[in-house]
Amino acid sequence: MDIFLQLTFSGIALGMIYAVIAFGYQLTFATSGTLNFGQGEALMLGALVGLSLAGGVMGGPYINYWLMIPLVMLFGALQGVVVERIGVRPSIKTKNEFGWIMSTIALAIIFKNVAENIWGKDDLTFPSPVSSTPFQIFGANVQIMQVIVVLGALAMMLAVELFNRKSIYGKAVVATANDSDAAGLMGINTGQVVTFSYALSSATAAFAGVLVAPLTLTGATMGTALGLKAFAVAIIGGLTSGVGAIVGGLILGIAETLTGYYISTGYKEVPGLLLLLLVLAIKPSGLFGKTTIKKV
Amino acid sequence: MKRNSLILGIIAFIALVAFPLVIPNPYYIHLAETILIYAILLFGLDIVVGYTGEVSLGHAGLFGIGSYTAGALFFKLGVPFALAVPASIAVTAAFGALLALPALRVTGPYLAMVTLAFGTIIQILINEMTFLTEGPLGIKVPKPSFFGHKLNEVEYFYVAAALMMVALIVVNRLLKSHFGRAFQALRASPVACDCMGVSVYRYKVFAFVFSAGLAGLAGSLYTYSEEYISPNTYNFELTILFLLAVIMGGRKTRSGPILGAAIVVMLPSLLSDIELFRKIAYTAVAIGVVASIWLLAKKRKSLREIAIPLTATIAMAVFSYKLENIIDWRLTIFGLMTLFVVYYLQDGVIGFLRNLLEKIWPNGFRKVDEYGALANESLAWEKSEHSGKAGVDLLHANQVLMQFGGLKALNQVDLKIAKGTIHGLIGPNGSGKSTMMNVLTGIYKPTAGAVEFNGGVISGMTPAAIALGGIARTFQNVQLFGEMTATENVLVGLHHTFKSNVLDVMLNTKRYRAEEHRARIRAASILQFVGLTDLSNEEARNLPYGKQRLLEIGRALGLSPSLLLLDEPAAGLTAPDIKELVAIIRKIREHGITLILIEHHMDVVMSISDTVTVLDFGQKIAEGKPAEVQANAKVIEAYLGGDAGSNAGAAELSAPPSSTPIPA
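As you go down the protein sequences, you meet chains U and H in turn. Our numbering numbers the first residue of the first sequence as 1 and each following residue consecutively. Our numbering numbers the first residue of the second sequence as 1 and each following residue consecutively.
Any given hint could turn out to be false.
What the hints assert, rightly or not - Cross-link-like lysine-lysine pairs, in silico, DSS-like; alpha carbons within 27 Å at most: (1) H/Lys252 <-> U/Lys93; (2) U/Lys121 <-> H/Lys322; (3) U/Lys93 <-> H/Lys301; (4) U/Lys283 <-> H/Lys445; (5) H/Lys322 <-> U/Lys95; (6) H/Lys176 <-> H/Lys547; (7) H/Lys625 <-> H/Lys416; (8) H/Lys140 <-> H/Lys150; (9) U/Lys95 <-> H/Lys301; (10) U/Lys283 <-> H/Lys408; (11) H/Lys298 <-> U/Lys93; (12) H/Lys301 <-> H/Lys359; (13) H/Lys299 <-> U/Lys93.
Claimed, not checked - Interface residues of chain H toward chain U, partial, derived using beta-carbon atoms under 10 Å: (14) Tyr110; (15) Ala117; (16) Ile121; (17) Leu168; (18) Lys322.
As the list claims (entries may be wrong) - Partial selection, computed: residues in chain U whose CB lies under 8 Å from chain H: (19) Pro90; (20) Ile110; (21) Val114; (22) Phe231; (23) Val270; (24) Leu277.
Everything labelled a hint here was simulated from the structure, so no lab data went into it. Ideal Cβ positions, reconstructed from N, Cα and C, are used throughout, including at glycine.
Please take these sequences and the hints and turn them into a complete structure.
Following this line, the structure appears as structure tokens:
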């Protein structure tokens, strides 16, 4: 039972990471109907830049972990702008779906390859900013970092939600998400809003990267699987629902740690992906998603 | 055209036979063999990507399933080549169906991600299911033997070449047939495709499964070609390589995949030689600079448009000069190539060359329509199989309620359409007319109530089933298959006349050829009826607006409907066009087809309708003969507001000579 509980706790921490990345997918999907297939690579770059600033790989540490976070998020935002400008904007203009899918994938490959050439192909350890001695809840060991991950992820999503609801800029984002054409006619620069959503989305991913890095290993290949599974989460929860992202994330995170322990670590990616196929077969709009009505 | 492709085929055949004789180096023969094998897979991938317009990132996984089916069958059971290859095709196609059935309920980015997930699962399974696949150790498979003789590299090359030719012919036949037309149609306008009785979902699944079968064939050939397979081959990189090959070669062609395969197979060898890569990069810069100067001098492009690609090419050359180890940067180069192709070479190399040739020789590619001469208006009509009893109501919508959230777009509407009549459906904008159309054709499922057609309940059936049952329609905002010719558009409407299955098409049987011949004559006849004979080979998107509307009617007539729904057919038409349209509508009725007509041109509606129903805010407010409706106080109020019965309103509604639509 202790083991089960412990696995559940790790699953929750992992699930919240998925939720944050899935949240990032939702941000760009809402404003532009596009997704960044390199979301996982944005996370990976965030983690590696964070490691270079707060760890020893580039002759550091230069600053401590907590001060590094805003810098990494800034880097993530810039990276998101690059993705949007090169990969997405030209395709949105020509309404070419194939175009943005292929170009965000191409950019993802390039980012990964560049990262491999800068930081090497081997995984690196990320020094934990807090004590790694676990404490006990109901007899199960919990790391302080895991708690930070859960709280950090929730705080990030809450901050974005508050921004959208309370600030005038956030209202522009929501308006664009609801009806891009109408928002444009009301004087909102929807192109800028889309760029902003990509910046925010990549910043969120970069933030998730530095949160998860102390718990796992850091390396050029860390992003791909995380990005893919977070997409599964976004679909399972529904691409339009923030709550869906959290619930989907928790389901997948826990399913994964349990499979990893009780069946085999090799299979731990499988339940999430199967769940994805299942949800699509039964309820394509996701557990919390709204079905849209097509107009003829 | 036909002779050209025959000559090309013969040249290709000779080239394939001669290749091992001219270049006996086993390394190059093996490379050519790989190109042939990739080409088979890419033919299939092109069906999905080029024709149905979906992005599959799962083809490396399918390729892996094909490889491992052949590998495991040989390794575990010693199954010979002749059985292992068909088994691979079947197993891979089955996996393709397993993936496509849930995944194709969604489209676009969803499908891309789902297929990516599928590819990942397959790679994991190959790695983990060691009892079947030997896991990371891989499986060794020798070249196949026939009657005790083990094939050598050259002989196996011929086997691969023969199968590639077979795949090429089969795929070519499929894509030229009604199946290929369905694939293109469902991409251009899914809604219209469903309403022509061609189920979008079913044909997408079929395309994907067929494509998976080809991937299986390619995979099994690959196993015997490499003689050793291991899980790492079938990774994400390979998927990207396949996609790059299809778009770089040229979508919707057969030569594109072959060229694309050649490029991606040779690429790694080219990239391993840094000197060569530098030379390529420098040449690219030279070409880029010359082309830019030329484009600028001719004012074809502005400096801004040229700046990005030119800077990128120069940066590439500088980068190649600085570079020491190119293998580490291989993926970056793939990525850059993909970006380049997506933005500057959308039609691929083959498409680019074809556009160039078309500019030099504008008429070289024009096909002559030999069926135009066989057209005869009387052949356009085929007695509908669904013609119920005369004098009875053909269609009966019973208390239909259609609710979107809190809005009742249709509120308990009753509608009876008598057989053989023209039934006008009018009402101000937003009154629910188009919603009614969508309910009748199955695009919307009514919240409550039922629709009966020919005595059977049709509400709840799919649009495709309803269309096949005898209800055809046109669309308020024209929904033609833009890149298909006028003839092909009508042929999609005639899809239901084909009884031939895939095998008929693949083997080009007599039955299929007869059906195709008959359908083409009928398509030409229908085009003659709607007056589009001269434009039969023009792409639908290039037709003038009025002709597009007529083509939509022609396409709908292909279904041999017993009920035809016209949604604002006169919208945007000029006065002479409207006259022509009215004549066509009358003729359609004379052939026993019942019509429902939504229209804002009151003179049109009032002059040709037998009965008129008026909707307002989702409710039926009046019904009867045109004259009765025109005098109805409620109707006048709905259109003009204010007090019912104002004389000005009545005059406006009943003024036949003015062709101005009522502003609503």
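So, H/Ile121 near chain U? Judge it on the closest CB pair being under 10 Å.
holds, 5 Å
Would you check whether U/Val114 satisfies its interface hint, that is, whether its CB is within less than 8 Å of any CB in chain H?
holds, 6 Å
Is the hinted pair H/Lys625 and H/Lys416 satisfied, with a Cα-Cα distance of at most 27 Å?
Distance of about 14 Å is within 27 Å: holds.
Starting from U/Lys121, check that the Cα of H/Lys322 is at most 27 Å away, please.
holds, 21 Å
Please verify that hint: H/Tyr110, Cβ, nearest Cβ of chain U, below 10 Å or not.
Holds, because the Cβ-Cβ distance from H/Tyr110 to chain U comes to roughly 7 Å (cut-off 10 Å).
Hint check, U/Ile110 versus chain H [nearest Cβ-Cβ separation less than 8 Å]:
holds, 4 Å
Please verify whether H/Lys252 and U/Lys93 have alpha carbons no more than 27 Å apart.
holds, 23 Å
Holds or violated: H/Lys322 to U/Lys95, with C-alpha atoms at most 27 Å apart
Answer violated: H/Lys322 to U/Lys95 is near 38 Å, above 27 Å.
Is the Cα-Cα distance between H/Lys176 and H/Lys547 27 Å or less?
Measuring from Cα to Cα gives roughly 25 Å; hence the hint holds.
Given hint U/Val270 near chain H, where the shortest CB pair must fall under 8 Å
holds, 6 Å
Does U/Phe231 hold up as a contact with chain H if the rule is Cβ-Cβ below 8 Å?
U/Phe231 check passes; min Cβ-Cβ to chain H is 5 Å, inside 8 Å.
Hint check: H/Lys140 vs H/Lys150, CA-CA at most 27 Å. Holds or violated?
Distance of about 15 Å is within 27 Å: holds.
Taken one by one, the earlier hints fail for this structure at numbers 5, 17 and 18, listed in ascending order.
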